[in-house]
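From first to last, the protein sequence lines are chains A and B.
Be aware that the first sequence starts at 1, since it is given in our numbering, and climbs by one per residue.
Be aware that the second sequence starts at 296, since it is given in our numbering, and climbs by one per residue.
Hints are computed from structural coordinates only; laboratory data are not their basis.
Each hint should be verified, as a subset may be incorrect.
To be verified - In the BS3-like style, the derived pairs of lysine-lysine whose C-alpha atoms are separated by at most 30 Å in a straight line are:
#1 B/K565 to A/K119
#2 B/K593 to B/K330
#3 B/K377 to A/K119
#4 B/K379 to B/K436
#5 B/K673 to B/K550
#6 B/K420 to B/K330
#7 B/K353 to A/K119
#8 B/K361 to B/K634
#9 A/K119 to B/K505
#10 B/K379 to B/K418
#11 B/K379 to A/K119
#12 B/K643 to B/K436
#13 B/K670 to B/K490
#14 B/K436 to B/K505
#15 B/K565 to B/K596
Stated by the list, open to error - Some chain B residues flagged as far from chain A (calculated, every beta-carbon gap over 10 Å):
#16 K393
#17 Q599
#18 D645
Here the structure is a predicted model, which is why all the values come from computation and not from measurement.
Note that CB positions come from ideal geometry on N, CA and C, so glycine has one too.
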Amino acid sequence: MEQSITLAGVTSQLLVGLSRAMILFIVSSGLSFILGVLRVPNVAHGSLYMIGAFVAHSVATAVGGVSGFWLALVLAPLTVAVISLIAERTLFCHLYEREHLMLLLFTFALMLILGDLTKITWGADYRSLTAPPFLQGSLSVLGTAFPRYNLFLLVVGPVVAVGLWLLTSKTMFGKIARAAAVDREMVGAIGVNVSWVFALAFVLGCLLAGLGGALVSPTVSITLGMDHTIIIETFLIVTIGGLGNIWGAMVGSLIFGITQSIGVLILPQFAIVFPYLAVVVILTLKPTGLLKSVW
Amino acid sequence: MKKREAFGSWLVLAAAAISVATMLVPGAVEARNIKVGIIDTYSGPAAVFGNDALNGFKMALEEINKQGVLGGKIEIVTRDDKFKVDIALNMAKELVLKENVDLLVGTVNSGVSLAVSDAVAKKEKIPFITWMGKSENITGKNGHRYVFSVTENTAMAGKAAANVLSKKPYKKYWVAGDDYEYGHALDESLWRYLKQAKPDVEVIGKTWWKLGEPDLIPYFTSIQAANPDAIHFCTGGASMANVLKTIKTTGISQKIPVYIHTAIDYAVLKPLGAEAPEGVMGTMDYLFYYPELSMNQKFVKEFQARFGVPPGFPAFHAYTTAHFIAEAYRQAGKIDTEKFIDALEGLKVDSPVGKVEMRACDHQAIFPILFGTTKISKEYGFAVATDIMTLRGVEVMPACGEIEAARKGQ
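Next comes chain A alone, as it looks inside the complex:
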């Protein structure tokens, strides 16, 4: 059952892989940012992504129409940001000095709690959100059909990446956050309120998870359990890219997204294996990840 591999086929798979990588990048850059600045391996990051998708659905259906969709893309990340701010101020801020294993267990517990809260709030049924009409259907790219919505993702991804880069390298907050990542005591010593820097960094990271969830919702069905899949993928991405390095998250996402979509073209039944193979190869050759880890 060999499928002939044509140039058009490869192009469309590459583009689909790239657009999938954009979602992965948005979510994993948030995870990476939190890892870099706060040193917290936040397992509950995937839950915030899931909540983002559910909120996006609720907002889009409540408001309805095209404006509902755009409003959902704005309100879902903000809702997630508020949830994460509450979590940070009440729970996380007391735990930064604990060892990583404790933090891992704590965030794992939080993932289970958020998962159940999602189930209580929205129920166990799957939900579906549809993109506005002009983002539906396919465009013809080199003779093969390419979904319009994925083209939209290809625009949004780089915009988020550049925005994040500007924020971390050109603003005061970004500079302080990066400084705190290197030496938090020193930053505290020069009179910066490190506690609030951490809170803002955490909220920013979680906001990206919420944005990723909102953006992905027109391409998948929104269900319980979407948190598990994404958290495994994003942790691997962050690891191969270099812990805490946002550009590393970009590189990791591209590798993950493209190996999977090309894998679908070559061996559909084992497509899921390709990104993990890439992870194994990269970690064998370069255990610290491709780009410089801040850890």
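Starting from the known structure of chain A, arrange chain B on it as the hints suggest.
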């Protein structure tokens, strides 16, 4: 400490008193009740189906119990199998050994249906009626005296679809679906009958993704690039929503005809609302809005009044199952398993879609299969099936000879 011990012994005494009391009750009435043990999924995503079936069953029992069966009533005991085979088997054994149920019914998971049929019904000689297990093996090669099916199965779906699709001009098919038992069963049965009906069809490629794969777009774009004449998606349950959604997102069905068994199911299309893809071909054995028979309209109206939603196929199956059970006991004349089975074989009962017969040779209820195409309905606000063709049950079921051969090979 002392106080707690005293309390414990009180509890034991109370439990003993209750059990003596319950033992006395059945002796007090002459005609006893028929006890039906229901094993189905009442938690997790599949609970939607389990609850729908339970509602249909309860509604039928209310009608039946007004009149009574052999002077008694039909009562139920339910157990949640959590969609898991091992849990279901424990529950089934417990229902048979401790609750002394007269028969077992269920289950949404075909794997559970097969396991209960093999390990409990056959072994303990307790009748088991599946109302949602769609694997053709239940009444096919794994069938036996104690198992019955009141649901359409993969063989019937495959044969019905092959019947319609073989008349269309498609030659090059692409097969794609969930990489598990049900997905592969759908592929095998359609292909078996399609190849028989139209020998020049060919499969130019297959794509199997992991069950629950969240993002199907890469798979769809690669199928689209191969440009087959038609696509057969082998999926069901929660994955079906994802497949339909990706069909809509990629617009694939506008270019390439798509067939999916149960794609026209109301339970699948309703949550998608006006956003379901149009033009998808599907098969189903029950649609609440079709056929427009007065019996069906009455059933739908009552169901809707009671539960607030129209009945899905599980409710229809369970409702029909209840009537099969009641009628078979009435004809058997007493509560006796062997007499019940003899009566059930070849029995015809009234259902919302007309008379349904329990085929004697394989214990498979004969349901017509409806073939239709999705279209958004202004009236309902979600997609429904249009251009519906009805394929008679006997036409789409494997012949008794085929069943016999399959069982001998086992």
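Tested hints:
no. : hint             : in the structure
1   : B/K565 to A/K119 : holds, 20 Å
2   : B/K593 to B/K330 : holds, 28 Å
3   : B/K377 to A/K119 : holds, 16 Å
4   : B/K379 to B/K436 : holds, 22 Å
5   : B/K673 to B/K550 : holds, 24 Å
6   : B/K420 to B/K330 : holds, 15 Å
7   : B/K353 to A/K119 : holds, 27 Å
8   : B/K361 to B/K634 : holds, 24 Å
9   : A/K119 to B/K505 : holds, 24 Å
10  : B/K379 to B/K418 : holds, 20 Å
11  : B/K379 to A/K119 : holds, 20 Å
12  : B/K643 to B/K436 : holds, 24 Å
13  : B/K670 to B/K490 : holds, 29 Å
14  : B/K436 to B/K505 : holds, 27 Å
15  : B/K565 to B/K596 : holds, 18 Å
16  : K393             : holds, 30 Å
17  : Q599             : holds, 19 Å
18  : D645             : holds, 33 Å
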